[in-house]
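The chain contents come next:
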Amino acid sequence: MTVGGPTPAPQVKSLNCPGCGASLTVRSFGHAVTVVCASCHAILDAQDPRLKVLEKFQAAEGEDPPRIALGSRGVIRGTAYDVIGFERRTIRVDGVPYSWHEYVLFNPFKGFRYLTEYNGHWNDGSILRSVPDVSPGGSSLRYLGETYKQFQTANAATTFVLGEFPWRVRVGESVTVSDYISPPRVISSEGTGKELTWSMGEYISGRDIWKAFQLEGEPPAPIGVYENQPSPLRADVKTVWAFVGVFLGLLVLLLVGVYSLARDEQVFEESYEFNTNAQGEASFVTDTFELKGHTSDVELTTRAQLDNEWIYLNYALINQDTGHAYDFGREVSYYHGYDEDGAWSEGSTQNSVTVPSVPPGNYYLRIEPESDPKHGTIPYTVTVRRDVPQAGFFGLGVLALLFPAGLLTWRSLNFEHLRWAESDYGAAPDDGSLLSTVENAVDSLKGSIAGDDQ
Amino acid sequence: MIPRLFLIYGMAVLLAVSFAEYRGWSLNRVDEVLNVPKSVRDNPGSYRSVYGFYHHYTGGK
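Those sequence lines, one after another, are chains A and B. To convert, take the position in the first sequence, counting from 1, and add 235; that gives the working numbering. To convert, take the position in the second sequence, counting from 1, and add 1275; that gives the working numbering.
Excised from the complex, chain A in its bound form (with noise of 0.2 angstroms):
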């Protein structure tokens, strides 16, 4: 919405109502079909040079009274408009009433544009010039190589009027009413039997409204997610896996070259055998061995040879010069057997563990073994590999990417389905969407849950 170069304001007549004498203000003499008087609710025929009364209607008490009101002028996409109309239009859905507002805007060389209105969501509509292409069974039409879907067909009646209207407006008469969207756009046929009138709408914030006719205060906050809303999230869902298939892309070549850079070299190994029969201190140290490079990892790992019985090892990696000791323990642990079921087996005859950032010097290990007592000899090999590639945390950064995304994926469907739960459908079509196949799925998954629960 720009603001554009000063355009004449139309043509304003004054006149008087021939039902109560109130003065009323034509601001589109010459266009205007029917008038509508602020004080008696006497709809007037614009064009009778006597404002013949056409109908009078009850207005009910407290109505709400325009957001904007008549007479304001307004920029709406370079173009000044004057605010000549105000409608309310309700439809009934399973015997609850939903109104919206619409507001006729003219200007002189422009003609009619009209804004819509419903729980804090606004459109900036026009009629079209061309009728769109509607598909055989109504699902959808195209109009200037887009397609709309269809959303909504209900009866509207008329329930307010106020102002000047460019057709002979009827409190109380009733049009059906079919809205196709492609958000931002709506695109609405209205009329009865083979008389139809098309119009096109954009989604448009109550905030460029306010802003357009100057008005005071904060737009009203829009309530739900609106037929033809821009999803805030959609486009930001497309970038974002973009930059997700980037960023596992550079995941995998750091992988790559994490395992072709890295160390991963064996520096100590030997085989040891524990006598649970012997009695004494069981503890002893290995020899010496030197861990090269950088602060980096030691991967040590433990294999020894059991049949149904477990050894525990107290390891201690100490630094020979330094003192400083990195102290764990693991269990190796293997059972086997045969049941009724046949074969089973428990645990592993190999056990590795990670130690994190072990800088480089010369060191050794403090072995402690324990086992069940005077279950014989059981013997185990210890290795010791330094910088070794650690794959969990490319599990984890793989994770890491996806869990945001997928978070963002999971909001924006949401979003859509918030939508598609106010159409005739309560559901999005299935054309094949993600948003229709995530559905269909979770359809079916009731279904087998239901199903289950009988």
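Please keep in mind that the hints were generated in silico from the structure rather than gathered at the bench. This one's a predicted model, so the numbers in the text were calculated from it and none came from an experiment. From the three backbone atoms N, C-alpha and C, an ideal C-beta is built for every residue, glycine too. Mixed in with the good hints there might be a few duds.
[What the hints assert, rightly or not] Facing chain B, according to a computed beta carbon distance under 7 angstroms, are these residues of chain A, among others:
1. Trp476
2. Phe478
3. Val493
4. Tyr494
5. Ile553
6. Gly558
7. Ala560
8. Asp562
9. Ser587
10. Thr589
11. Ser592
[Stated by the list, open to error] Derived coverage of chain B by chain A (criterion: at least 3 residues anywhere in the stretch with Cβ under 8 angstroms from a Cβ of chain A; other residues may be distant):
12. 1288-1297
13. 1302-1313
Take the given structure of chain A and dock chain B to it, following the hints.
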């Protein structure tokens, strides 16, 4: 706004993974003990392991 935040977040994830790999981080629990006396080499039994009182699983069916 969200894509920009995600761009920063994704770069932080890549940096964190790179740093974790370079520094050799691990998810295993290891206790660090300072100033272990050199005499442990000659008398291993004098060292008291943090895990010395571990409750052992003696599984099987």
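Next item on the list: Run the structure past the numbered hints and jot down the numbers of the failing ones, going up.
Entry: 1, 4 and 9
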